[in-house]
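Visitor: Chains as they are written, first to last, in numbering that gives the first Met the number 0: chain A, 0 to 412; chain B, 0 to 287.
Source of the hints: derived by calculation from the structure; they are not laboratory data.
Note that the Cβ used here is the ideal one computed from N, Cα and C, for glycine as well.
Certain hints may be false.
PhoX-like cross-link-like pairs, simulated, lysine-lysine; straight-line CA separation at most 20 Å [said to hold, decoys possible]:
id, chain 1, residue 1, chain 2, residue 2
1, B, Lys-135, A, Lys-246
2, A, Lys-92, A, Lys-30
3, A, Lys-61, A, Lys-119
4, B, Lys-285, A, Lys-309
5, A, Lys-30, A, Lys-61
6, A, Lys-391, A, Lys-256
A few chain B residues that don't get close to chain A, going by computed Cβ distances all over 12 Å [what the hints assert, rightly or not]:
id, residue
7, Asn-103
8, Phe-108
9, Ile-205
10, Gly-254
Some but not every residue of chain B turned toward chain A, in silico, with C-beta under 7 Å [claimed, not checked]:
id, residue
11, Val-76
12, Val-80
13, Phe-184
Here's the letter readout for the chains.
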Amino acid sequence: MKIKILTQLLLFLTPLVSIKVFSETPWLDQKYVETRMEDLAPVKGDGPSQWRVIWTKEPSTKATISWTTAKKGSGHKVRYGIRSEGKLNEVGKILEAQRSGAYSGAKGQYYHHARISGLKPSTTYHFEVESDGKKSPVLHFTTAPSDDREFRLLFGGDSRTGIDARAQVNLLMADLSEKDDQLIAFAHGGDYIVSGRSWSQWSTWLSQHELTVTKSGKVLPIIPTRGNHDGGPLYDEIFDTPGGSGKNYFHTMISPKVALVTLNSEISAGGDQQAWLAKTLFDLRPKVRWLLAEYHRPVWPAVKSPGKAKKFWVPLFEKFNLDLAIESDGHVIKRTVPIRNEKKDPTGIVYVGEGGLGVPQRIPKSNRWYLQSPGMTGSDHHVMRVVFGKEKMDYEVILLDGKQADHYEFFPR
Amino acid sequence: MSFYATKIDLVFKDPYCDSVPGLCRQVGRSFGSQFLPSWFDGWKISLRPGYTIWFFLLLASGAVLVLGFLRPETSSVLRKVDFACLGLLTLWPFFTAIFSWLINPGNPFHATDPAGHAVRYAAPLALLLLTAFPEKGNLRRVEWLLRWGVAGTFVGHGLCALWLKPSFVDLIIGTMNLFLGDPVFTAVSFQDLEEALTIAASRQAIAELALPIIAIQDFILVALLLLPGKRIKTIALWMAVWGFVTATSRMTAYGWEHWHDLALRICNGGIPLFLWFHWNSMESKKIS
Chain A
0 MKIKILTQLL LFLTPLVSIK VFSETPWLDQ KYVETRMEDL APVKGDGPSQ WRVIWTKEPS
60 TKATISWTTA KKGSGHKVRY GIRSEGKLNE VGKILEAQRS GAYSGAKGQY YHHARISGLK
120 PSTTYHFEVE SDGKKSPVLH FTTAPSDDRE FRLLFGGDSR TGIDARAQVN LLMADLSEKD
180 DQLIAFAHGG DYIVSGRSWS QWSTWLSQHE LTVTKSGKVL PIIPTRGNHD GGPLYDEIFD
240 TPGGSGKNYF HTMISPKVAL VTLNSEISAG GDQQAWLAKT LFDLRPKVRW LLAEYHRPVW
300 PAVKSPGKAK KFWVPLFEKF NLDLAIESDG HVIKRTVPIR NEKKDPTGIV YVGEGGLGVP
360 QRIPKSNRWY LQSPGMTGSD HHVMRVVFGK EKMDYEVILL DGKQADHYEF FPR
Chain B
0 MSFYATKIDL VFKDPYCDSV PGLCRQVGRS FGSQFLPSWF DGWKISLRPG YTIWFFLLLA
60 SGAVLVLGFL RPETSSVLRK VDFACLGLLT LWPFFTAIFS WLINPGNPFH ATDPAGHAVR
120 YAAPLALLLL TAFPEKGNLR RVEWLLRWGV AGTFVGHGLC ALWLKPSFVD LIIGTMNLFL
180 GDPVFTAVSF QDLEEALTIA ASRQAIAELA LPIIAIQDFI LVALLLLPGK RIKTIALWMA
240 VWGFVTATSR MTAYGWEHWH DLALRICNGG IPLFLWFHWN SMESKKIS
């Protein structure tokens with residue numbers, strides 16, 4: 000009798016215990032998030048912390064490995080190579096950080112950037128950063144392909160407030176990254192923190208960025224975009240001035256057939272930037288299958304009024320048949336209908352995004368004509384994943400619980 | 000009392016309140032969840048305050064116009080309505096400017112908003128004061144209020160021009176593109192694009208050169224406008240012209256559908272124009 004009761008009890012409890020212990024979404028549990036945040040590398044002493052990999056122009060052969068120290072220190076280097084038989088290859092290279100300096104407004108914290116080049120495409124590189132003899136764990140990332148293979152990217156914006164939710168989304172990204180070798184990078188659409196001039200806010204963001212690193216040490220290189228809350232010098236100090244000082248616009252050849260154009264909606268949209276955009280799209284369109292643009296302020300917004308860049312950029316998007324535009328700033332989920340000449344048009348441009356990497360969500364103005372079905376809107380923390388294939392480009396929105404909030408397929412033009 | 004204090008504290012600390020509509024939604028959610036039954040979805044009420052304010056602002060603007068013509072009796076209900084409408088029209092742009100500054104910490108351009116938007120709240124405040132205290136001696140005080148309002152607006156915009164506010168650069172480039180043609184959109188070949196790059200760079204350079212000059216002009220105009228004991232009509236007229244030109248540039252740069260951006264800035268030229276008219280009429284009265 001006792002054995003029978005015990006068996007029944009076990010049968011009843013096992014699923015409950017498994018759900019708690021082996022949950023597929025442990026980041027939904029506040030205690031788990033708190034524990035993970037306590038384990039983050041502290042920014043103290045002369046050891047490295049806040050490690051990150053940055054991609055800008057040629058990610059198949061180049062990357063910038065960056066980190067923070069709490070002291071100026073004297074020797075800052077990165078050791079990198081291809082791992083063989085569990086160890087860093089004997090021919091692993093050592094590179095001194097080319098750029099180091101004090102973070103503006105910080106209390107003695109320093110940034111270090113080591114720009115590595117001559118990498119092999121589609122190759123996993125292991126690296127460890129070292130400051131004055133103190134080392135980071137061995138981490139790794141995979142370079143972008145130089146052939147037409149399928150791969151995935153994550154997109155998202157607005158991680159500026161909702162620090163716990165930001166940690167949760169980061170853990171979700173790490174989970175997606177861990178399960179998926181084809182997922183190679185993450186493009187952030189801007190508004191990392193509330194005040195771009197506040198080092199303490201950036202420091203929290205940078206430390207939390209460690210949560211996107213998987214248990215095996217896989218780092219998702221970040222392709223940065225400047226948002227309206229990211230003013231001031233810290234953005235360039237953190238991301239090694241992507242696209243050049245005062246510009247922060249550039250294009251990334253993620254593969255020979257996929258290009259991402261990162262624009263800066265926080266500087267003049269006309270003039271130099273518009274002309275650069277025209278020349279870049281003119282050059283890229285005949286070469287690539289998938290042509291994407293990312294910028295912060297939406298030109299087809301789901302919450303606010305259209306960004307001033309609309310007049311300067313949208314005619315070029317339409318002229319050069321952009322495949323997808325990724326926007327942030329609105330704090331919602333949205334996907335517009337294809338738009339051309341201010342009208343719904345099957346040959347038009349689809350605009351997605353609006354930001355949900357932790358920031359509290361707003362209510363989208365779903366009655367706007369360009370958000371009607373087959374467009375969509377929603378409000379939830381999320382990350383976007385895009386699969387770049389030969390036959391189609393798959394776009395999906397993934398919520399914190401791992402569920403899919405939106406899915407859309409694009410076909411080559 | 001402490002309940003309200005807590006709620007207000009929550010409202011201001013909540014990162015959700017990053018815009019005035021956002022603030023309204025948050026107020027709606029906080030208070031709505033307290034006083035309404037639990038089945039009432041806080042999000043539904045959250046949308047309403049934004050629309051309510053929009054509706055009241057439109058209503059108040061219309062009412063102020065109508066009541067201006069009707070000139071209701073001092074003790075009448077309509078006069079009180081007039082006061083209430085003018086009060087709302089004064090407080091709304093004032094708090095919008097303050098919030099714009101507060102919710103964008105570290106942004107130098109938004110920090111100028113309380114000054115740059117000064118005419119927007121100085122104009123209804125002047126009307127309110129004139130309606131409440133119509134004695135002749137108060138006219139001079141109201142005139143100075145308007146002078147300071149115009150000065151604030153020109154200083155705010157002048158600082159943005161001096162710091163090369165990106166949207167100001169685009170106002171000049173967009174207006175040049177309208178009148179001289181946009182070389183980027185008309186380019187069809189690589190050579191055209193090379194040429195467009197040069198033209199675009201030169202227009203950007205012109206804009207970035209012009210803005211500091213405009214800033215200096217703005218500061219000089221303010222200094223002359225605020226000269227004690229002086230009423231320089233030419234300065235008021237030039238400020239009116241400049242105020243209208245810069246307000247209209249929102250349409251010339253971004254398209255005619257941006258008429259609302261001009262409407263929002265109508266006081267930038269309107270108040271200096273009023274000062275010019277006022278000073279002219281004072282002079283005419285003196286002569287007669």
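Visitor: Determine for every hint whether it applies to the structure shown.
Guide: How the hints compare with the structure:
no.: 1; hint: B:Lys-135 x A:Lys-246; verdict: violated (56 Å)
no.: 2; hint: A:Lys-92 x A:Lys-30; verdict: violated (40 Å)
no.: 3; hint: A:Lys-61 x A:Lys-119; verdict: holds (9 Å)
no.: 4; hint: B:Lys-285 x A:Lys-309; verdict: violated (53 Å)
no.: 5; hint: A:Lys-30 x A:Lys-61; verdict: violated (38 Å)
no.: 6; hint: A:Lys-391 x A:Lys-256; verdict: holds (12 Å)
no.: 7; hint: Asn-103; verdict: violated (8 Å)
no.: 8; hint: Phe-108; verdict: violated (9 Å)
no.: 9; hint: Ile-205; verdict: violated (9 Å)
no.: 10; hint: Gly-254; verdict: violated (6 Å)
no.: 11; hint: Val-76; verdict: violated (37 Å)
no.: 12; hint: Val-80; verdict: violated (31 Å)
no.: 13; hint: Phe-184; verdict: holds (6 Å)
Violated hints for the displayed structure, listed by number in ascending order: 1, 2, 4, 5, 7, 8, 9, 10, 11 and 12.
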